[in-house]
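Participant: Assemble the whole structure, with the sequences as input and the hints as a guide.
Sequence order for the protein chains is U and Y.
Position one of the first sequence corresponds to residue 17 (this note's numbering), numbered consecutively onward.
Position one of the second sequence corresponds to residue -18 (this note's numbering), numbered consecutively onward.
These aren't lab readings, by the way, just hints derived from the structure by calculation.
A couple of the hints might just be wrong.
To be verified - With a straight-line Cα cutoff of 27 Å, these simulated DSSO-like cross-link-like pairs (lysine-lysine) come out:
1. Lys270/U / Lys317/Y
2. Lys141/Y / Lys43/U
3. Lys205/U / Lys33/Y
4. Lys183/U / Lys45/U
5. Lys141/Y / Lys45/U
6. Lys78/Y / Lys43/U
7. Lys205/U / Lys292/U
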Amino acid sequence: MGVIHGEEMVLNIGPQHPSTHGVLRLKVKTDGEIISEITPVIGYLHRCFEKHCENMTYDQVIPYTDRCDYLAAMANNFGYVVAVEELMELKVPEKVEYIRVIMAEFQRIASHLLALGVYGLDIGAFTPFLFMLRDRERILDMFEMTCGARLLYNYMWVGGVSHDLPKGFVETAFQFLDYFEPQIDEYNKLLTYNKIFVERTADIGVLPADVAISYGVSGPNLRASGVKWDLRRNAPYSIYDKFEFDVCIGDGSKGTLGDCWDRYYVRMLEVKESVKILRQALAQIPKDGDVHQALPKKIRPPKGSIYSRTETPRGDLGFYIESDGSPIPNRVKMRSPAFTALAVLGELAGGWMMSDVISILGSLDIVLGEIDR
Amino acid sequence: MTVDTLFSWLGGLIPAMEGSGILLVISILVPCLALFLVVAVNAIVMVYAERKVAAFMQDRVGPMGQGVGLHAGKWGLLQTVADALKLLTKEDIIPEKADRFLFILAPFVIFIGAFVTIIAVPFGETTIVADFNIGIFYILAMGSFGVIGIILAGWSSNNKWSLYGGMRSAAQIVSYEIPAGLSIIVIIMLTGTLSMQGIIEYQAGGMGNWIIFANPFTFIAFFVYFISVVAETNRTPFDIPEAESELVGGFHTEYSGMRWSFFFLSEYANMLVVSAVAATGFLGGWHSPISGYFDSNGWGIFWMVSKIVFLIFIMMWFRWTFPRLRVDQLMNICWKVFLPVSLINIFGVGIWTLFFG
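Facilitator: Put into structure tokens, the structure is as follows:
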């Protein structure tokens, strides 16, 4: 069958578009419904995060990290404080480590729920989105219980956390987990195995493992391509080596390995694993103990530099911090997992149809706040 | 109340003017106004129903409020009124580069397409504006009129998203007309008439006589028809011409305020019409499900309306449950599944009628 080629048209998806997940512009060359070339144009949210960091003390950087990946602010806090503590060779109390892991895993569930729900919305299913947001709400309630904030927490500080867990937190958390686990089956019934959803996502936007690695893609996007790589397991930080959990990878069961459905499903599996980690952490957390390390008001890490990585819901978040011994960092560089995920979009989306581009973009789960920094 | 009966009734009332043109105009205008009311009330009720159905499916309460005033009334009953007021008072924006004449024309074309079809919809034994002898054919023909408006809207907006929406919609509606039409042929084969009332008369005598249960092929035909018309009305899972997450707003991206609401109004009017045709053609129209019970004229309206409401509810159920298909998958289903199935249906019904009829 011959292919009819028409005149190519340049189309701007965004910066204001319902499915670009933020202020992103995609310059798309199309021939009717078929996309031949796609160029992401970023920078609409650039707010000089790294330059700002060179003008403030180490503690003052933490609220800025909140605003990078605003859907997983706890994880960003975590990444930054782990880096600074590593630079200072500081050991934090065990209780703090537990609290941090609990918060980070709750944040992972919250972030993945939003990613999965919004992905359903991209495909056209409205109801799963609201179901997932309803449950995410309860996690945010617990964050509010703990630190008073629902989105941007500024919770993890160098050497500790801002507040101890409130009374009744552990019980509330267990109650939530008991409620939440059956909900995952409901999501699966409603969306994951829906015939139309599978048709729309399986075999679409296949990301082979070698391409993923060469672009530096990480997190669920990489694992969906079948690479068993998770910093929590492969380069454990904090106390992740104490917990039993599986590193979930895509298996291409609905289509090809590394397609949109795999990327979606890996997130769903990771939510289950986070529940597993949470159950262990909540059971083991020490009852007493201080949640602050005694530190001087102005932190002065020794001269030197550090590159430290943590596994956020979106992947491998790296912080490079250079200290000259003063209370103000000489240089802070953030390696954003969403940035690499967006970089691979051009590779993935060529040749697909208009609707598939939205589907592929959604499956990468990018956050523009983190890409533009 | 047909035009003819109204005409002769008015003639009897004012003998001096019997048969005059003025009375004819009046007896046409009165039912048309009544129909306009039906369309408007239908839209108001359905917007509210859709909000509530969506809310309950999504574990929400939907529009709520207490008392009158600035709130949306008890149970949010005034929500649609508030919506309508908002739409009426909104700024009417026509893009500078748009084709002004066509841009203004498009919503009316769509609305007329949806509106005129209701003329032939029977709501009861005598409650019909005009019982044409080609009623069902007329509805099919006028129903596809709306697509012209959608293409006009898509083209005249001078916006790439609108163009995408318009083109997708044209392809979709034209394609799905075919299986829908072929399924209607099944009804015509059985009843031997194109008149809507004639089709309903044929199904008198309880559920067993409804065309949907006449034989296995008509049973399939009902589902082919229903799914095709869901596609024709651009509802999820076939809402690719509007596809919010892809095409922003599709063919009505550039429309605002009252002009936009005409698209909305006609979408709901279309849903009403296609459900009415499905109820008439397959589900016994205004006949009661149980022969001889509740089968008087007043009950006729009740049965017809409840059948329509049931089908519309199913459409809403679809919308809040399913994701959206892709444009090529949509075409595949139409040409590779529905078309062959509906052709087989026609043969099947013919053979079935020959041997068992």
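Participant: If you test the structure against every hint from before, which numbers come out violated?
Facilitator: Structure breaks hint 4 only.
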